[in-house]
Amino acid sequence: TQLAASGDSDSIKVFVRVRPLTQGTGLTTDGDQSLCLTVTSPNTIRLLSKPEPRTFTYDHVADMDTSQDAVFSSVAKNIVESCMNGYNGTIFAYGQTGSGKTFTMLGPSELDNFTDELRGVIPRSFEYLFFLINREVERSGQSKSFLCKCSFIEIYNEQIYDLLDTASASLFLRENIKKGVFVEGAVEKFVNSAAEAYQVLSMGWRNRRVASTSMNRESSRSHAVFTMTLESKESINEVVNIRMSQLNLVDLAGSERQKDTHTEGSRLKEASSINRSLMCLGQVIMALVDVSNGKNRHICYRDSKLTFLLRDSLGGNAKTYIIANVHPGSKCFGETLSTLQFAQRAKLIKNKAVINEDTQGNVR
Amino acid sequence: MASLSSDEWRAICDKFTNAQNLTEVESRNDPENDPFRSKYKARELLREIYCSLKSFEVSEGEEDGGGESGDPRPSEQPVDGQREDGFGQGFSGDSPAGLRAAKLGAVEYYLGVNHVDTEELSAGQEHLMNCMKLLGRCSVSSENVSLFIHVRNQLGILWAGRDETETAQGFLETAESIYQHYMKEDGSPPTDMTEYFTTEEKLLTHQERTKRFELAYTHTMYYLAQVYKNLGQTERAATYCHSTLQRQLQLNQFNPMEWALNAATLSQYYITKGRYMEGRHCLSAATVISGLAGEVPSEAAAQESETENERREQLRQKRAEIARCWIKYCLNLLQDAKKLLEDNIGELDTDRQDELKRARRGEEEEEEKGRKSALLFGSEDTFDSIASLEEKVRCLFPLDFTEARAVFLVGQNYVTQAKEYFQMDGYVTDHIEILQDHSALFRALAFFEEDLERRCKMHKRRVDMLEPICTDLNAQYYLMIRRQLMFELAETYSEMMDLKLTLANRQADTQSLDSHTIKKFNHLCSASAKYFQMFLDSLCSPEGKVPEHLEEEVLRPALVARFRVARLHSRLISSSPSVQLDNLNRSLENYKYVVQYCETHPEAATTVETELELSKEMVGLLPLKINRLKARMAANN
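Residue numbers (the numbering used here), protein chains in the order written: chain A, 1 to 364; chain B, 1001 to 1637.
I should point out that these hints are in silico values taken from the structure, not numbers from a laboratory.
One or more hints might be untrue.
Stated by the list, open to error - Derived lysine-lysine pairs resembling DSS-like cross-links, with alpha carbons at most 27 Å apart: (1) A:K179 x B:K1530; (2) A:K295 x B:K1419; (3) A:K233 x A:K179; (4) B:K1545 x A:K178; (5) B:K1500 x B:K1460.
Claimed, not checked - Simulated DEER-style distance windows between Cβ atoms: (6) A:S170 x B:E1208: 34 to 40 Å; (7) A:L48 x B:L1204: 54 to 60 Å; (8) B:G1294 x A:R267: 34 to 40 Å; (9) B:D1472 x A:K347: 30 to 36 Å; (10) B:M1465 x A:N176: 15 to 21 Å; (11) A:S170 x B:H1549: 42 to 48 Å; (12) B:D1425 x A:S170: 18 to 24 Å; (13) A:V240 x B:H1549: 33 to 39 Å; (14) A:K347 x B:N1255: 35 to 41 Å; (15) A:P51 x B:T1471: 58 to 64 Å.
As the list claims (entries may be wrong) - According to the in silico footprint, chain B covers these stretches of chain A (three or more CB under 8 Å from chain B): (16) 172 to 181; (17) 283 to 290; (18) 296 to 303.
Note that beta-carbon positions come from the ideal geometry of N, C-alpha and C, so glycine has one too.
One chain only, chain A, in its complex shape (with noise of 0.2 Å):
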């Protein structure tokens, strides 16, 4: 509670949920009847680890029987309102395969009836964000107008592709002195509904599926960004005031799949022997110059393509939840610890929000 009470701290903010266990889901946690965890408070969680039970804080954790809109409450709806006002934002889902990141962000199933009371976090903050810029331009009195684009992009294998346009082949980073970070050549679909909006989603959304079957990649292994730029123009005495912001929504590859970069601690790298190269002396080498900081160093070894994207929302400025989602089953007991632990690190991760104000056509 002292965390949250020190308020307006822009640190990435944690949301821990725990899904109800699972039946006849075909999952390897089915049937599994004992827990690994309780939920202690509303922001403490208690992992029953042994010999010691280990209590996790975070700023808010949702048991099992927490509803979708307590979700979109506590996490997106602040994140939302911000973006209307020019602050950029970033919502991420984090957790074990099976852990419920689909059902938290989307809803049961790609329903594109999005009235359902099941539908997730992502659906909600399409509402939400279409209400708010509607009356607000009711409000300005049509002094003010909004542009909404869309893009959603996927990172497999170090590769960019683009899910509304799966023709292209892979896509890269550039930065502009202007734009910041972006996806070079990514289609970007105008929106002017929480409905279209949603559209835009879904067509992503089933492209992501037939690309896994048909190319042999694995969603679950694949991170998913969807990002609305949200452009609002206000002409007040022949000043137009132009803010530009970003909504992130990312669904990062299932947990247990991401060992390799970072729960393996004292793992030694193995050469492989097909191709008879030793491919990770560069990251012991790079380890050792991280080592002796304070001096002016150069690292050859490039960021990965989803910090790179998201730069920004790490430590970067713009508000962000990490919303880490874990299955109670004491089988996923490593799992859920691995994640919780993630999330906790992410805390340390600080954020500073400040807002872009660019001011054109200033009186002749």
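For chain A, the structure is supplied; the task is to place chain B on it using the hints.
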């Protein structure tokens, strides 16, 4: 092979080939829901081979057992890592009994690896230890040395994965000493483990044997590098990374661009340790080896084909990365030399300079000696090219302007190269980082410049390259970079202001400055204050509110900026008393902020000790000055 018919032997060999194929090739196509299908099949085959070997050769084994009944196991199994010379116990490695042990050991080895691959670690460990036991009875020979090393490599990986790094270290270090011992005593191309199960006509050539054996040892080096890294022994780890690279080069087992990038990264380790000779060597090798990757395809060729386009992109990017490592080399060399030569007010200490120049002669000899004992890269073909590239820049600290300029020019040349790829449009962050380095190169060079007018011009160059970017950058996406730029610009202007004042004072020799100089001085002073203020504004909330609590990473810069703004305002020259009064008030206000912030946040005081002390003093003194000025103004009215 007396007790085994050639047909039976052939069957065993076929099984082995089959098992290898299942493990290495087919397993890659195993379905997601049955990931180890091929490996389990391979395991069955290996078990069958084991049984056949055991039953067919048992009589032979007893004959050669040297009278020992049953299991001729040495009483104490030598434990790896304890460095007792365990070679040459039991029977000699090339005796029939020794060969039988090696073959059985090899099957145990493959079974061990198979179990580890299928995530049955303890079973895997058991098989690998069985292999160790079988080998423990034999002396090292060209027939089994490869197995000796391979099994230890695997055990090293296994134990490191269990967080028992010291155990892993023991196995790997023993593998290392076995290799060295073998190469010293024998050195003939050793049998590869796969040859135990091949028919005569399929035996490997000497060259192929050597290649495989050396590769196994290269892996030992590579794993040791990681083990030492995990143990926190960075220097040792670096040495093993270096050896791994050197072996790859010598044995011609490398991809040029990958190798070059690794060597360039290693150079960054050395320069952060102040070891410029090694750093330069790695960088020269990186440049030369990256050249082996071939010419960059032309733009026209890249437009024609996708693969050429990708190749062009890759080569250009990686060479630009290496250039950036070179920039850091030059920059650090200059900066370290500066640190060595500066007196307590940051100016060139000429006594120290003379002293170092006298000591230089000895150092040059030292360098020659050091070079001979250091690890060097290069195969016969590349060695000369690497050496000649090294000669283009010194690795000793530059001691005067001429020497510093030579280093600077090399660095600047790499800045141009790096910028060719990392252009502003497309690579904003990288491009700016390169510009920041360029600016830092100028800054370090300016230290060596004795002519203050020219020194000022160097700082002007820094302003010219950074100022337009700072203005153009989108503040929403590049907040951090902009803050760095603002701070640097503020400091550069301030430095120029000091230089102008020193120059003016030298010429005029009195306090009476001409109006042109005053104008210039005030301009530089305000520009500096402006950028400090911009930095401070970037910390404010969207509503323009100054934060009550400064985040740790901006605490010091924010307080320093306040302090500097205060000083700058008190230095502005004006003949108008009301302007003077305004300036002094703004100055006081900022000094007060520093003092008050440290009062409400006592933890901040330690980070700005000197600034705080001076601020306190000024908060005491300035009001007197302000009051005197006010009194004078009142009297004049």
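Quick rundown of the hints versus the structure:
no. : hint                         : result
1   : A:K179 x B:K1530             : holds (26 Å)
2   : A:K295 x B:K1419             : holds (22 Å)
3   : A:K233 x A:K179              : holds (17 Å)
4   : B:K1545 x A:K178             : holds (26 Å)
5   : B:K1500 x B:K1460            : holds (12 Å)
6   : A:S170 x B:E1208: 34 to 40 Å : holds (38 Å)
7   : A:L48 x B:L1204: 54 to 60 Å  : holds (56 Å)
8   : B:G1294 x A:R267: 34 to 40 Å : holds (35 Å)
9   : B:D1472 x A:K347: 30 to 36 Å : holds (34 Å)
10  : B:M1465 x A:N176: 15 to 21 Å : holds (19 Å)
11  : A:S170 x B:H1549: 42 to 48 Å : holds (45 Å)
12  : B:D1425 x A:S170: 18 to 24 Å : holds (21 Å)
13  : A:V240 x B:H1549: 33 to 39 Å : holds (36 Å)
14  : A:K347 x B:N1255: 35 to 41 Å : holds (40 Å)
15  : A:P51 x B:T1471: 58 to 64 Å  : holds (60 Å)
16  : 172 to 181                   : holds (count 8)
17  : 283 to 290                   : holds (count 6)
18  : 296 to 303                   : holds (count 6)
Figure legend: structure checked against the earlier numbered hints; every hint is met.
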